[in-house]
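1 is the number of the first residue of the sequence shown in the numbering used here; add one for each residue after it.
A few of these clues could be false.
As the list claims (entries may be wrong) - Under the rule of at most 30 Å between Cα atoms (straight-line distance), these lysine-lysine pairs were calculated in the DSS-like manner:
| hint | residue 1 | residue 2 |
| --- | --- | --- |
| 1 | Lys121 | Lys50 |
| 2 | Lys106 | Lys137 |
| 3 | Lys121 | Lys106 |
| 4 | Lys53 | Lys84 |
| 5 | Lys137 | Lys113 |
| 6 | Lys84 | Lys58 |
| 7 | Lys53 | Lys149 |
| 8 | Lys129 | Lys53 |
| 9 | Lys84 | Lys129 |
| 10 | Lys113 | Lys58 |
| 11 | Lys106 | Lys149 |
| 12 | Lys58 | Lys121 |
| 13 | Lys149 | Lys113 |
| 14 | Lys113 | Lys50 |
| 15 | Lys137 | Lys58 |
| 16 | Lys63 | Lys84 |
| 17 | Lys106 | Lys84 |
| 18 | Lys113 | Lys53 |
| 19 | Lys50 | Lys129 |
| 20 | Lys121 | Lys84 |
| 21 | Lys63 | Lys129 |
| 22 | Lys53 | Lys106 |
| 23 | Lys84 | Lys50 |
| 24 | Lys63 | Lys106 |
Claimed, not checked - Ranges of calculated distance between the beta carbons of each label pair, as one might list FRET restraints:
| hint | residue 1 | residue 2 | range |
| --- | --- | --- | --- |
| 25 | Thr42 | Ile88 | 29 to 37 Å |
| 26 | Arg93 | Ala130 | 26 to 34 Å |
| 27 | Arg52 | Trp24 | 37 to 45 Å |
| 28 | Ser33 | Glu118 | 26 to 34 Å |
| 29 | Thr42 | Gln95 | 52 to 60 Å |
| 30 | Gln98 | Leu43 | 33 to 41 Å |
| 31 | Gly29 | Ala114 | 46 to 54 Å |
| 32 | Pro7 | Leu34 | 53 to 61 Å |
| 33 | His72 | Ser102 | 20 to 28 Å |
| 34 | His72 | Gln98 | 21 to 29 Å |
| 35 | Glu20 | Ala60 | 57 to 65 Å |
| 36 | Ala37 | Asp69 | 45 to 53 Å |
| 37 | Arg52 | Glu136 | 30 to 38 Å |
| 38 | Thr100 | Lys53 | 25 to 33 Å |
Treat the hints as calculated values from the structure; they're not laboratory data.
Note that CB positions come from ideal geometry on N, CA and C, so glycine has one too.
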Amino acid sequence: MSNSVNPALATMQDIQTPAEIGLWPLAYGYWISLFVAIAVITLLIIWLRKHRKAGAVKRAALKELAMLDQNHQQFAVEVSSLLKRAAISYGSREQVAQLTGSDWYKWLNAQVKAPQDELCKLLALRFQKAQLTEDEKQALRLHAQSWLKAALPLRKVDQMSKKTSEVSQC
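Given only the sequences and the hints, what does the whole structure look like? Please build it.
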């Protein structure tokens, strides 16, 4: 047996495979998916920044409340001032700055779902001759902290005007 090569096959060249299909240019589906992913990530970053910026005053107020000296004679006045400054940061100065006494307490209660009657009572004691006891000061700090967490950032003004008229006084 001899290996005789067919003369017709001898003139044929080797079979060449086509070039590999590359990644570039991308198909339309990949471009659409890439665009949607970039848009979602961008919107998420914008939302997170906005959310973080909106909570900055709240975090600062909570930090300042924690740093207040409970042994200070004017502790209750400082707490009330802190609550008012935090509220002014989120609301209109004209609406919040003028509030005093029962109107202030009523407004504080209007900002939260559950009325903070104990907070109002403790804040009302700030102008008495006798200082608050240590337990009252601790309770005032805790109630102020819960108010800051629950009320800030403030809701829309038109919703609050309806709710303020319905809220009972402390």
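Structure versus earlier hints - violations, ascending order
Hints 1, 8, 19, 28 and 29 contradicted; others consistent.
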